[in-house]
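Chemist: In case you want the letters, here they are:
There are 2 protein chains.
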Amino acid sequence: MTRRTVLVTTDLLDKQSIKRLSRHANVIIATRLAENELQVLLPSTDCLLVFAWPAFLTEERLARMKRLRFIQSILAGVNHIPFGLIDGNVIVCSNAGAYSDEVAEHAWGLLLAAAKSIVEQHLQIKEGRGVLVRHGDAARGITVLTGKALGILGYGGIGVSVARVARAFGMNVNAFSRKQSRSGGIRVFSGGKGLTQVLGKSDAVVLALPLNRLTRGIINKETLVEMKSNAILVNIGRGELVEERALFEHLKANPTFRFATDVWWYRNGKESLETTFPFTALPNFIGTLHVSGPSAVVGRRPVVLAVENTLRFLRGLQPKNIVKRSDYVN
Amino acid sequence: MTRRTVLVTTDLLDKQSIKRLSRHANVIIATRLAENELQVLLPSTDCLLVFAWPAFLTEERLARMKRLRFIQSILAGVNHIPFGLIDGNVIVCSNAGAYSDEVAEHAWGLLLAAAKSIVEQHLQIKEGRGVLVRHGDAARGITVLTGKALGILGYGGIGVSVARVARAFGMNVNAFSRKQSRSGGIRVFSGGKGLTQVLGKSDAVVLALPLNRLTRGIINKETLVEMKSNAILVNIGRGELVEERALFEHLKANPTFRFATDVWWYRNGKESLETTFPFTALPNFIGTLHVSGPSAVVGRRPVVLAVENTLRFLRGLQPKNIVKRSDYVN
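Chains A and B, in that order, are what the protein sequence lines are. The first sequence stops at residue 452 when you use the working numbering, and every number in between is there. The second sequence stops at residue 452 when you use the working numbering, and every number in between is there.
It should be emphasised that the hints constitute simulated quantities derived from the structure, not laboratory data. Hints may be right or wrong, so weigh each one.
[As the list claims (entries may be wrong)] No more than 27 Å apart at the CA atoms, straight line, and that leaves these computed lysine-lysine pairs for DSSO-like:
1. B:Lys248 / A:Lys392
2. A:Lys248 / B:Lys248
3. A:Lys137 / A:Lys442
4. B:Lys270 / A:Lys137
5. A:Lys343 / B:Lys248
6. A:Lys248 / B:Lys270
7. A:Lys270 / B:Lys188
8. A:Lys374 / B:Lys392
9. B:Lys301 / A:Lys248
10. B:Lys392 / A:Lys248
11. B:Lys270 / B:Lys248
Nothing here was measured: the structure is a model prediction, and the numbers come from that model.
Chain A with its partners taken away, still in its complex shape:
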């Protein structure tokens, strides 16, 4: 067997990771190549290790990668990968679980910021229009979590991590996932009916689903009305899990419903803070700069896990997190 070639399209790999991969393959860092060198290498590349899909891997170039057999994403989700241009025999692996704790922490930050009205109150104080709460009645806009129900849509690594904290807060947890199950006292619902059940009974809902054909727009006009009118919805998955117009109209019509997000809708092919509707004008909207995943990359675990999974493939073992292609293309 000839030594295989791994093309790495990001500068995120540390020396140790490159060294580990180099024991099993030729490791090429794409950003260090001249244009003509890249052209020569494409036909002999067996594996791709990508962060976000690189712009330079165009349709024409992908077509020349006749030996490509394995793609590992360092990002947790794989919605950035152009499945339509990639042969069905290529194994594509997500990096599910690599960001779980950090993304779950951010989900809790958003959920609590909404529940406790932290952004809104801080702004009131900053702008000199704050009034100290002196008795219980004035705190009725605050959501107390203990004893309440949390719904988690997508019960992978992030969902499990979110649930662990919810239990510590004394919340009841119901999850929605492809596979119906019961784990650690948490009931997992599935199917359209399961979705309705979880949404209907939850005081707060965390979206931790991958974005694919089945989940795009899962929160829409119809599903929003199934939620409690004073519920909190947190998105730490992908912007397009939520229909933008439906959400905006729901937030306007229901001032006690709150939405907090770290992820944004795509505009001209990339995630963008420019929204079609003026969300930041609403007091029941909170947004952050898609920092949840990157805060995990700082800790290097996503890179280490992506490298380990690539090593599994190179050594002939079954890699983890193989993506079901039909979730993304017909």
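Starting from the structure of chain A, add chain B where the hints point.
Modeler: The following block gives chain B in isolation, referenced to the frame of chain A:
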């Protein structure tokens, strides 16, 4: 034994609570009395059930309450009670523990808002100066909690509740309390040396102490420099636990140090959003409107627990949460 009289100085009591107390005593709701009726009742009052100390219970009137033997606070803390005007034989009870879960939730909201830079990022987006994070480096200002150390100053009901959630986030917890102990895997330090140890090793610190002679200004110029320069300090106790000027100067000098508070310093005898220093001009400051305790009052538990403790006294049992008078006056 003559039937005793309980004077209730708040309208917070529900019918059920009044009914329960009435089985053991005459229950008088002060706000329903005319001025002359109050004057007549003072000498025959055995028990006081107060929320915040009422302005109408002046020094002169207190002096006339010759039969007073028991004061129950519905507020968790008792720093509002004028110990100097009250006979040393009067039993004063705090309502420690009655607000634990709700206040701990708020502490986590503030801690995560600071750790994840939620208020600052939201403002950047709202003001059109936000930039989406596209790789790990840009997220270096974000504090990841898992694996980090949390210090809790004051290990009563709130502290225990804060610790439970910290463990779910994968944090190591060290507490500072009057009594040195070890409970549930959490090490409790005490004394000045213990305080230094907890402050020095913590990535985040939650102030959950009562405000008294021993704790006033416990966070000051000297103790602030013992903390990590990029630590997060959360105050859900009382404003005066922290020296205002020392904190402001520390925040200005250390932009990576963050402070988030629900409680404020007193000004002209009452808690006030008007601070001596312009805290809200600093990006490393977050404030809310002292909603943590009131959000618990909405749930009625503080009232129920205060009534139950008063019933304990009325029935000749040992009440809970008896305050050590010497913590508050010489």
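Chemist: Hint by hint, note whether the structure agrees.
Modeler: Results of checking the hints against the structure:
1. For the hint linking Lys248 of chain B to Lys392 of chain A, the alpha-carbon distance of about 20 Å falls within 27 Å, and the restraint holds.
2. For the hint pairing Lys248 of chain A with Lys248 of chain B, the CA-to-CA distance comes to about 15 Å; that is within 27 Å, so the pair holds.
3. With a C-alpha separation of about 23 Å, the suggested pair Lys137 of chain A and Lys442 of chain A falls inside the 27 Å cut-off, and the hint holds.
4. For the given pair, Lys270 of chain B sits about 26 Å from Lys137 of chain A by alpha-carbon distance, which is consistent with the 27 Å threshold.
5. Straight-line distance between C-alpha atoms of Lys343 of chain A and Lys248 of chain B comes to about 25 Å, which keeps the hinted pair within the 27 Å bound.
6. Distance check on the hinted pair: Lys248 of chain A and Lys270 of chain B sit about 31 Å apart at the alpha-carbon level, beyond 27 Å; violated.
7. As the CA atoms of Lys270 of chain A and Lys188 of chain B are separated by approximately 46 Å, the hinted pair breaks the 27 Å bound.
8. The suggested pairing of Lys374 of chain A with Lys392 of chain B is violated, with an alpha-carbon distance near 37 Å, which exceeds 27 Å.
9. Annotation: proposed proximity of Lys301 of chain B to Lys248 of chain A is violated, straight-line Cα distance about 39 Å (limit 27 Å).
10. As the CA atoms of Lys392 of chain B and Lys248 of chain A are separated by approximately 20 Å, the hinted pair is consistent with the 27 Å bound.
11. Distance check on the hinted pair: Lys270 of chain B and Lys248 of chain B sit about 31 Å apart at the alpha-carbon level, beyond 27 Å; violated.
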